[in-house]
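All chains should be built: construct the whole structure from the sequences, respecting the hints.
For what it's worth, my numbering labels the leading residue of the sequence shown as 37, then goes sequentially.
I should point out that these hints are in silico values taken from the structure, not numbers from a laboratory.
In this text, a Cβ means the ideal position worked out from N, Cα and C, and glycines have one as well.
There's no promise every hint is true.
[Claimed, not checked] Cut-off 20 Å, straight-line C-alpha distance, at most; resulting in silico cross-link-like pairs (DMTMM-like, lysine to aspartate or glutamate):
1) K178 / D152
2) K204 / E126
3) K185 / E126
4) K198 / D247
[Stated by the list, open to error] Between beta-carbon pairs, the in silico distance windows are:
5) G196 / S173: 40 to 48 Å
6) R123 / E222: 45 to 53 Å
7) Q189 / G164: 24 to 32 Å
8) T216 / E126: 18 to 26 Å
9) M122 / L177: 20 to 28 Å
10) E168 / R123: 31 to 39 Å
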Amino acid sequence: MSNDTRTRPFDMTDFDPANEAEEASESSVVEPDSATADTSTPPPGAGGASEAARRWPRRVAIGALLVVTVVAVASAAVFGWKYTEMRAVESAADQARATARNYAVTLTSVDSEGLDQNFTDVLDGATGEFKEMYAQSSEQLKQLLIDNKATAQGTVVEDGIKSATTTKVEVLLFVDQAVTNTVTPEPRMDRSRVVMTMELVDGRWLASKVDLP
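Shown next, in the form of structure tokens:
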């Protein structure tokens with residue numbers, strides 16, 4: 037036969053164990069499936085959102101603390117102002133009441149032999165409407181007291197405050213007045229209920245109104 041059927045003998049030099057191992061290793065590598073991919077790594081921006089979530093309660097607490105502090109300071113200021121105002125009114129009421137007590141004695145105590153001084157003292161402790169009224173009637177009243185040889189001695193039995201501000205105080209007084217004259221030479225006791233309005237004028241408490249309700 038003319039055809040050469042001889043085969044090429046196996047050459048050991050064509051076999052390289054290193055190449056075979058590398059090929060086997062490459063063929064065994066499996067691409068990761070998207071469904072089994074590692075999700076432990078947070079997406080971009082997730083860390084910032086988590087930090088903001090942690091800071092939010094702290095900011096709310098600080099804001100609430102600031103509100104409470106402001107309210108407490110404002111309340112303390114209002115309380116302090118009201119307390120100061122209350123103390124000022126109480127002080128004014130005490131001063132006006134003491135002056136009204138003394139003035140009530142001056143007003144209800146007269147002696148026909150010393151009327152000029154008495155009327156001067158009454159006018160000195162008065163102001164406004166009451167002063168004008170007393171000044172207009174003083175001459176007529178003076179003559180009446182002289183003609184009847186009248187005397188009177190007033191005593192404040194009790195007093196209290198009806199209303200008060202730092203410049204105006206209403207004082208309620210109960211006054212006993214021992215009166216004598218030509219008709220009744222023995223002292224006769226009269227009791228009067230007097231409402232006296234005291235006003236602060238140039239640092240002095242003066243009677244602006246005297247009512248006998």
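A quick look at each hint next to the structure:
{"no.": "1", "hint": "K178 / D152", "verdict": "holds, 8 Å"}
{"no.": "2", "hint": "K204 / E126", "verdict": "holds, 12 Å"}
{"no.": "3", "hint": "K185 / E126", "verdict": "violated, 42 Å"}
{"no.": "4", "hint": "K198 / D247", "verdict": "holds, 13 Å"}
{"no.": "5", "hint": "G196 / S173: 40 to 48 Å", "verdict": "violated, 28 Å"}
{"no.": "6", "hint": "R123 / E222: 45 to 53 Å", "verdict": "holds, 48 Å"}
{"no.": "7", "hint": "Q189 / G164: 24 to 32 Å", "verdict": "holds, 27 Å"}
{"no.": "8", "hint": "T216 / E126: 18 to 26 Å", "verdict": "violated, 40 Å"}
{"no.": "9", "hint": "M122 / L177: 20 to 28 Å", "verdict": "violated, 41 Å"}
{"no.": "10", "hint": "E168 / R123: 31 to 39 Å", "verdict": "holds, 34 Å"}
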